[in-house]
Amino acid sequence: MKKPVVIKGKVWVLRDEKGRAIDDIDTDQIYHNAHLAITELEKMGQFALGNLPGWEDFPQKARPGDILVVGKNFGAGSSRQQAVDCFRSLRISLIIGESFGAIYQRNAINSGFPLMVCSGIISHPGKVDSRNVLEVNLSTGEVFNHTTGKKIEGGVRFSQVQMDIYQAGNLFEYGKTILP
Amino acid sequence: MGNTVVEKIISLHCQEEVVPGKVVWVDIGLRTARDFGGANVVENFRRNYNEDKVADAAKTFFTFDCVAPANNIPYANNQQICRDFAYQQGIKVFDVDQGIGSHILIDKGLCLPGCIAVGTDSHLNLLGALGALGQGMGDVDIAFAFKTGKTWFEVPETIKVVVKGKLSPPVSAKDLTLAVLKRLGSKGALGKAIEFYGEAIDSLSLDGRITLASMVTEMGGIVGFITPNKEVLDYCRARAGKEDIEAITADPDAHYCQTIDIDIFGLKPQISLPYHPSKVVDVDEVEGERVNSIFLGSCTNGRWEDFKVVASILKGKRVYEGVMFKAVPSTREVYGRLLKEGLSEVLFDAGVILTSSGCGGCASGQVGMTGEGEVQLGTGNRNFKGKQGAGKTFLVSPATAAVSALYGRITSPDKV
Ligand code: SF4
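Here the protein sequences line up with chains A and B, keeping their order. This note's numbering puts the first residue of the first sequence at 1, with every later residue one more than the last. This note's numbering puts the first residue of the second sequence at 1001, with every later residue one more than the last.
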């Protein structure tokens, strides 16, 4: 195993000003179409969540290794890879959330970016708040909140293909190992 | 146990046993990239495969539709990167004059029932209108598909949606679609395939099927299949110049994870409120709100039938003073027909701004953006905040758009 299967980091929980989970965050809110012509990874981070009310300053606040906790249907909408790449650019270590847009989930998996489904993590109150420290095991699906000292149920461990691509680095590298 | 449509289509393209939840590798029929994402596909391809050739240039296409023709330098550059790559590789480009890529695959007879097509367009799943499996994907996925002709799929479960009742004008395929979206919500089909059945579905024209299938994305779904009827099969046969084209149908004992019945008896014209496509109400509920602009077009409602309905409503009349009406045909074929059959003149005389084909006002603002406080009625599939500008976009049928344009206020077409 080259890549870590246990990820530990400080979290940002995508809630609105009333403390409610923000569901259905679409790719235009994550990475607005005004910046789509950018092709360099390093330049993408500054626009992450730039169109999500209350979270426009995320790129300034986030630190490498931080974890993002999201609600339901995160990454709905367009197929843009940049909506994943902007978090890779900021060196976010993991996105964990209730559910994801199907294309978004594929894009994360194929670029070797860790993304985990964990139902109830944000909709059930008291499980996790911004600045808590989470520890997540990608191969078992175990999620532990070090700040509250409690386990969080609902984590879905990586599928075989997701783990294989993650370990290989990305879909291209993985492809070289399995295809003629 | 029998199989659903998606299970059958995947089975036809892979060597493994196909069961929901399993990850399988499939051979892809068609791979496309648009001007949106296309340059990133090329960059990924070159970075990983240098000067290698794509797996099959004859099954690979570029379709420029997002900003067509390019109105800014970055998009122009990206289109040129794709053209150069296409030339090197012997790949056909459907350039900026041709229209929306997913529609081109249908109209040129490239995508047929049972096909698997992937591309950098999140609405490529509208190919479900033909009973084909279209999938929008990111640029990593598509670069890999260009090179290998393969991709992985987690076989989705299927939801069966049975629509009871009939549609009668002015209630249209779009109103039916919005009613289904209202019922399923933005996450109702998350990660799943849908099969649509019922009398109202069977009677949909190809254009109406495209409208419904195109908004499965907004329901969170992977794809929505409508079993092709004779009209659709004949269309595919004529366009492909092939006779042996048949529908893939689900087995009678196929397993569905959920069955949803939707009764559309008495359905009224529907409208999505800003900024979520699934926030659907009857047009009646917001009737009277001032409208500043209209966008007719997109892969959901930019086809011939949609324009015909609008032209029949606007004929001999003028759009309300001060309402800006932008109309963008989905393809060059529709555009040509509007010109040749005199509908363009009807629209022009009514005060409509008719442009050449493409995605137009749906994204990126190729044909105008909304300003702060502006209220726009659009016939597209998304009204996310900021997508079409700073204003508010409501999603409606072409008939509702046209009637509201005449009154300058949101107006239900069943009132006139
Ligand atoms: S019309 Fe809009 S939704 Fe359809 S393909 Fe074009 S940009 Fe995408």
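What the hints contain is simulated information worked out from the structure, not anything from laboratory work. Glycine residues also receive a C-beta, built at the ideal position from the N, C-alpha and C atoms. A hint or two may mislead.
Claimed, not checked - Restricting the straight-line Cα-Cα distance to at most 30 Å, the calculated cross-link-like pairs of lysine-lysine (DSSO-like) are:
{"#": "1", "chain 1": "B", "residue 1": "K1340", "chain 2": "B", "residue 2": "K1268"}
{"#": "2", "chain 1": "B", "residue 1": "K1268", "chain 2": "A", "residue 2": "K18"}
{"#": "3", "chain 1": "B", "residue 1": "K1315", "chain 2": "A", "residue 2": "K3"}
{"#": "4", "chain 1": "A", "residue 1": "K151", "chain 2": "B", "residue 2": "K1059"}
{"#": "5", "chain 1": "B", "residue 1": "K1392", "chain 2": "A", "residue 2": "K176"}
Unchecked claim - So the derived label-pair ranges between C-beta atoms look like this:
{"#": "6", "chain 1": "A", "residue 1": "L41", "chain 2": "B", "residue 2": "D1234", "range": "46 to 54 Å"}
{"#": "7", "chain 1": "A", "residue 1": "S159", "chain 2": "B", "residue 2": "R1046", "range": "40 to 48 Å"}
{"#": "8", "chain 1": "A", "residue 1": "K151", "chain 2": "B", "residue 2": "A1390", "range": "52 to 60 Å"}
{"#": "9", "chain 1": "B", "residue 1": "A1058", "chain 2": "A", "residue 2": "K151", "range": "34 to 42 Å"}
To be verified - Output of the computed footprint for chain B on chain A, the stretches with three or more beta carbons under 8 Å from beta carbons of chain B:
{"#": "10", "segment": "87-94"}
{"#": "11", "segment": "98-104"}
{"#": "12", "segment": "125-136"}
{"#": "13", "segment": "146-157"}
Outcome for the supplied range 52 to 60 Å, where the beta carbon pair is K151(A) and A1390(B): Violated: the Cβ-Cβ distance is about 45 Å, outside 52 to 60 Å.
Distance restraint between K1268(B) and K18(A), which requires alpha-carbon spacing of 30 Å or less: violated, 35 Å
Pairwise hint evaluation, K1268(B) against K1340(B), where the allowed Cα distance is 30 Å at most: Measuring from Cα to Cα gives roughly 34 Å; hence the hint is violated.
Assessment of proposed distance window 34 to 42 Å (beta carbons of A1058(B), K151(A)): violated, 54 Å
Given pair status - K3(A), K1315(B), alpha carbons within 30 Å: With Cα atoms ~65 Å apart, K1315(B) and K3(A) exceed 30 Å; violated.
Given pair status - K1059(B), K151(A), alpha carbons within 30 Å: violated, 50 Å
Beta-carbon spacing of L41(A) to D1234(B) - inside the hinted bounds 46 to 54 Å or not: holds, 48 Å
Verdict on chain B covering the segment 125-136 of chain A, criterion of 3 CB contacts below 8 Å: With 0 residues close enough to chain B, the hint is violated.
Coverage criterion applied to the segment 146-157 of chain A (partner chain B; beta-carbon cut 8 Å; 3 residues): Answer violated; 0 residues pass the 8 Å Cβ test.
Cβ distance range 40 to 48 Å for S159(A) and R1046(B), holds or violated: violated, 30 Å
Coverage of the segment 87-94 of chain A by chain B, judged on three or more residues with CB within 8 Å: Not satisfied, violated; 0 residues make the cut.
Chain B over the segment 98-104 of chain A, status - at least 3 residues with CB closer than 8 Å: Three-residue rule met by the segment 98-104 of chain A, so holds; n is 4.
In summary, the structure is inconsistent with hints 1, 2, 3, 4, 5, 7, 8, 9, 10, 12 and 13 from the numbered list given earlier, while agreeing with the others.
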